[in-house]
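Chemist: Sequence order for the protein chains is A and B. Its first residue numbered 8, the first sequence is counted upward by one per residue in this note's numbering. Its first residue numbered 30, the second sequence is counted upward by one per residue in this note's numbering.
Simulated from the structure, these hints should not be mistaken for laboratory data. Computed from a predicted structure; not experimentally measured. Every residue gets a Cβ at the ideal spot worked out from N, C-alpha and C, and that includes glycine. Keep in mind that a hint or two might mislead.
Interface residues of chain B toward chain A, partial, derived using beta-carbon atoms under 7 angstroms [claimed, not checked]:
(1) His44
(2) Gly49
(3) Gly82
Each chain, letter by letter, is given below.
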Amino acid sequence: MAVFKGKGVYGAVAVGKALIFKRQAAQVRRVSVQDTEHELERVNSAKELAVQQLEQIHEKALKEVGETNAEIFEIHIMMLDDEDYNESIKSIIETQKVNAEYAVAVTSDNFAEMFSSMDDAYMQARSADVKDISNRLIACLTDSGDNTSVSDDKMIVCADDLAPSETVSLDKDKVLAFVTAFGSSNSHTAILARNMNIPAVIGVGQEFLDALEDGCLVGVDGHTGEVFVSPDEQTVRQLEQKQAEDIRKKQLLQELKGKENVTLDGTKINIFANIGSVGGIGAVLANDAGGIGLFRSEFLYLESEDYPTEEQQFQAYKKVLESMSGKKVVIRTLDIGADKQIDYFRLDKEDNPALGFRAIRICLTRPELFRTQLRALYRASAFGELGIMFPMITSVSEVQKCLDMCEQVRNELSAEGIRFNESTELGIMIETPAAAVISDKLAPMVDFFSVGTNDLTQYTLACDRQNAKLEPFVDTHHEAVLRLIEMSAKNAHANNAWIGICGELAADLSLTEEFLKMGIDELSVSPPFVLPLREKVRSISLK
Amino acid sequence: MKEFSYTIKDAIGIHARPAGNLVKLIKGYSSTVTIEKEGKPPINATALMKLMGLGVKCGETVKFTVEGEDEDAAVKGIKEFMNANL
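Looking at chain B on its own, in the form it has when it is part of the complex:
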């Protein structure tokens, strides 16, 4: 199992478009990925509406937990995606 945190730099936060693309990316891995925003229970990272419903804003930090066979690749891919888009 791998864990990492990421602080959102995008001005509008995790909005519809990047949320959709993040879900698409994560669905491509076999690992189970959860996202946790402080003070809220973790959610399955492929649940698009829940992810949008978290309302993660600029400056807020989310914690990713990745578990599965391709977890190393998944962590790398997600980090790259977050850096480039959020």
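Extracted from the complex, chain A is given alone in its bound form:
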């Protein structure tokens, strides 16, 4: 067995026989010609044929991948008709007195080169589109016709790279998965694979093709990006298990999508999702979460080499809010510390980082940092339904300082005439025993609580999360933790605040009923848990 790793562009699993995609890479030779007029005519009729083919592909794509994704083939037709492109072919034929195939190949290289030299990944990927239309044109000139006979068995199509038209031309019912040695996740092929719901892994490298034989068994895991050539029995079993799980989840999705999170006796709860980057939004929407209960803003700082500017942060938050189109998005302000180091913060090494200089403690010590983030958040608040959440709260005075800072930022923005949502909700994490114990004092100050059960458990039980030796001593259902949550819920409701849970316990289905009884208003879990949780909620009766 050999394992290769690429980028999964559609998360699903397949096991099957390999079909090595052979392209009649029409060998283009440079041939001198006398009758350039004839070559120009050949180009014209080849173009007509190519356009016809593309129109057919466009129609097939319309049915299979939808209008937006099919549009690329319309663009291909327009590219074939592009003046500069045609002018280039014509002038090469006329000035160099060469055959049409050669003129197209050279033109293709030049235009593809122009795109691939651009400093923009999206545009670089467009060079594949130029090559795709040019190869089609050359195929039409040489009359090699369409190729790729897929056998009757369902196959895993393996190729160096697949052009969009090649992807769509394949008979969808006979393709189990795509694996390509090269290509980018921005390519239209990747986009099409996602829309055709076919597992696909791209960019696994040339070694993969070298290890491959036609018809050999291949396992594809679109979740992890792993590709197994001649997988052993155990691996096949694991992949099949994953596949069964995917199918179960898909069915669940079909059945539960759009349904309410309501118990048999009518108690409703919000089920939101936790994410850590803008890229996670797709999963949030695909799993039908009602909102985002915890958006960790750390990625902005981790991905950057210096403090992200207000503008950079604003753009990221705005994008999240816009993508969620009016659904609630709770963004947690910076939560780093000595365990999540960022070089440019220059934090001192600490012996006990969990109890150290982290999260809100850093923000209150370095108000300029905090202010930048709050300004960006408030500016973004105009584009959706934002909640701002402060982590690691232990006292009334910390909350007061946060609220004061928010007020200052709102005043600044008003003075500058910048739009923001006045009713942006403010809340705090309940993740220290201190916050839970004084939740009666904290609740009147805020709009919501969100319980971070991971930290709350480690602080309550005095068990370091990172220390594996302590595992036998960590009872995640410890009554002390549950009592603290219940106490916080009571105090929240007594003060018209809502309370959610965003830690791992939120996804623990054996506690769902208890949380519902406590009156928890929202559970926020990682996207794949949204639907199983909905299923659970819908099976519970509180009476």
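Chain A is fixed; fit chain B onto it per the hints.
Modeler: Coordinates of chain B only, in the frame set by chain A:
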């Protein structure tokens, strides 16, 4: 002759799909339209590959020059298209 500038708001800029649709729109007018990105020579707005090749990104400004009988209608149509798509 009419001129106007537009600053791109779309996150990925003038990419393949909107470029194609913009070309389609402009071909529907009889006016000659050029697009100019700062620091580069103006191009004919119906030249799809050149337009994609300009690599106009979010936040960048392009200048349109429109000349011909239906220039008023063309300017209006292009502005509407840009506002809605880019």
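Chemist: Each hint should be assessed against the structure and marked as holding or not.
Modeler: A quick look at each hint next to the structure:
The interface hint given for histidine 44 (chain B) is met, as the beta carbon of that residue sits about 6 angstroms from the closest beta carbon of chain A, less than 7 angstroms. A least Cβ separation of about 4 angstroms between glycine 49 (chain B) and chain A falls short of the 7 angstroms threshold, and the interface hint therefore holds. The restraint placing glycine 82 (chain B) at the interface with chain A holds, with a minimum CB-CB distance near 5 angstroms, inside the 7 angstroms limit.
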